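Trainee: For the record, the sequence lines run as chains L and R.
All residue numbers in the first sequence are consecutive under this note's numbering, ending with 367.
All residue numbers in the second sequence are consecutive under this note's numbering, ending with 476.
If you're looking for bench data, these hints aren't it; they were derived computationally from the structure.
These numbers were taken from a predicted model, which means no experiment stands behind them.
Beta carbons are placed, not taken as given, at the ideal position from N, Cα and C, and that holds for glycine.
Treat the hints with care, as some may be off.
To be verified - If you want the footprint, here are the derived chain L segments under chain R, 3+ residues with CB under 8 Å:
#, segment
1, 192 to 199
2, 225 to 233
3, 246 to 260
4, 303 to 315
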Amino acid sequence: MKSRFALPLLLALLVLAFLASLAFGELRLSFGQVIGALTGGSDELARTVVRDFRLPRALVGLAVGAALGSSGVVMQAFFRNPLASPGLLGVSSGGALGAVAVLAAGPFLGLAAHTLWALPLASVLGAFAATGAVLMLAQRGAGTERLLLSGVALNALLGAGTSFLLTTTIGHFEVNAQILFWLMGGLESRSWEHVWMGVPAILVGCLLLLPLGRPMDLLSLGEQSAQSLGVDVRRLRWKLIALSTILTALATAVAGVVGFVGLIVPHVLRLAFGPDHRRLLPYSMIGGAAFLLACDLVTRTFPLGLRLGVVTALIGGPFFLWLLRRPR
Amino acid sequence: MSSALSASALAVSGRLEAVSLDLTPGELVALVGPNGAGKSTLIQALAGLLPAEGHVHWNGQLLSRIAMAERGRRLAWVGQEAHFEFAFPVHEVVAQGRYAWGDDLDGVEAALAELDLLDLADRPVTRLSGGERHRVGLARALATQAPIQLWDEPVAQLDVRHALEVMRLARRLVDGGSTVLVSLHDLRAAYRFDRVLVLDRGRLVGNGKPHEVLTAELIGEVFRVKATFVESLVPELPEP
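Isolated chain R (complex conformation):
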């Protein structure tokens, strides 16, 4: 299968050591690891937002050969922090996702609806809660309609319903042929992904199907906790 996003010997001094990976179109990938393992660094390096050693390819094309505007059309990145210093209305922030497309408004309304932001569309983004601001960031990434989506802890600040909706959205994008990489801390949620990457102290120590990678042994080693598999209450979105 062709490659959507690949890295070979990707390294960032002191934070990331020779990470190689290859993500295919239509794949939903989770990135887990303890605090400080280098998850955000890896995501930023893959997105071309950090100076890094090694090579990154998007759709088989070397990243440094891809023009800036073209990058904005091909890959969307959502950072862990959603600070907005200037009081743009929500819909204008989401419309920034169309910058690389010449600022048409294609898909902006749909992105607002998808992240449940229609009621907040005219609200200044500075007056939103942390979770709401994260949803604005996700909506902006969605508006780019980029086929590769990298989301850095998108659900950490969301309530349970919005978190589930974001995961459902990710699945729908992947079903449509996109590649979505999501970093997260909830290991139980990671079991629902197609593939899990485990990062520990800057090194990729796990890469494969959730049940094969996220063993009690590896979790114990990486996170230094004792993991047990149990039946428990799992929240689900009601059928529409």
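Chain L on its own, in the form it takes in the complex:
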């Protein structure tokens, strides 16, 4: 596909998904009512629904999608493996375990009222621990098998930790339910607090990533060759792993574990528009945001109590299997 259509196309999809996020729900609004509610027109009810409930939810969804999409691109370039992604490598699970630990400890430590900032912090710590473990288990340039098996082992280990916390809090129904929320990911009842907690930092992270596209091109074709061509590989690697881990952790902190976004989105966009990271990075941010909002719309449209993480997994699981079967 011609890449000059990419940006308008992706932006149009994002605007559409964003407006649809504001319009659809229990109270069905027209796009006109949505625009009215945003600009101060429309009736009181529409304004409340859009401004207090749907707008923060959509903004969080947008930021989470952009964070996960770009983290996927970064991890794939970093590990020089198109199958790397925050979810498969266990970075998301690390972030989730951190968040769950805070949630589980909350009622015992009297943290409940102060968890707003403790949560993302613990999530970042957990994600960094997981990233460190992956770096030790699978050296850069490791084959797909080693990388994915390391991810499997790490996901199992971190999952066991999370399960342990889940069972220790079984008597505390509310805490238990909260933990389940993180594990299955979702944007329900995301408020302006969540927007402030995640969106500005994610925006900064994304902006810091954008200028790294060109050296990422070189890195993705080999660490030593990149260095020989004039890339400061050590510094670049450090920046990439820190930014992608923080972005994944922040996304997990505000929306729980949402898998496969970092795998599907960069893959589809790479197939469509090529591997140039100067384009792939912004495309994956926009595409990731649109994809996440669309998946969130699915959870709202089907009254089955589908969770966001379940929807992305339902799409991502089969997609991943298809990728593995595809000759490379």
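Got chain L; can you put chain R on it based on the hints?
Mentor: Below, chain R without anything else, positioned relative to chain L:
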């Protein structure tokens, strides 16, 4: 004569022992030795791609004092393996050679032509054969226009015509004042170089003109084969 690339007591634990050498501008140098002798390690250490003990100087300047981007302009390295995991078109991979120059496209077209890649320029690099991928790596190194070129077994996977063309290219670069160091296994080809370095178990055991260094005695000692000098069929490129 001034020095283009020099090493003193260059060592990498377990792989390279106190190698010292000095290459001058306009010199075509072959690096030979059995498998595992440390040829790739030496080349990577000279290129500053491996942590190593000892000192490396490029044009008389200590390597650790040269900024990363400047290194990309001064020395080009081509690795033995040419794996590309992402489907960049050939011309974009070659254009990466211009990274240290601010991504201008100066000389990219010429490098593609030089390595006979013009017909493959738009092909994803993942769909090429092993030999073709090696030519892409060489073209990228050529595009850097760096005056020091280190090529690790560049012709091992090439057919006879492309291998001869690469050797002719190396000679032309050297005639233009560059320094080219090439590791290879074909000892007969090494006789056409200005100088031969022989590496054995991490030690430099030979360093000089091919006929002086590559004696039947040394070849027997290092490679543990019996070498005889005979007249044989030698492929040449036709005159253009």
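Trainee: Now look at each hint and say whether the structure bears it out.
Mentor: Hints, one by one, checked against the model:
Coverage of a stretch by a chain is defined here by at least three residues with a beta carbon nearer than 8 Å to that chain's beta carbons; for the segment 192 to 199 of chain L and chain R the count is 0, and the condition is violated. Counting residues of the segment 225 to 233 of chain L whose beta carbon lies closer than 8 Å to any beta carbon of chain R gives 0, which falls short of the minimum of three for the stated coverage. Only residues whose beta carbon comes within less than 8 Å of a beta carbon in chain R count, and the segment 246 to 260 of chain L has 6; three or more means the coverage holds. Taking a C-beta to C-beta cut-off of 8 Å, the segment 303 to 315 of chain L contributes 4 residues in contact with chain R, enough for the three needed, and the coverage statement holds.
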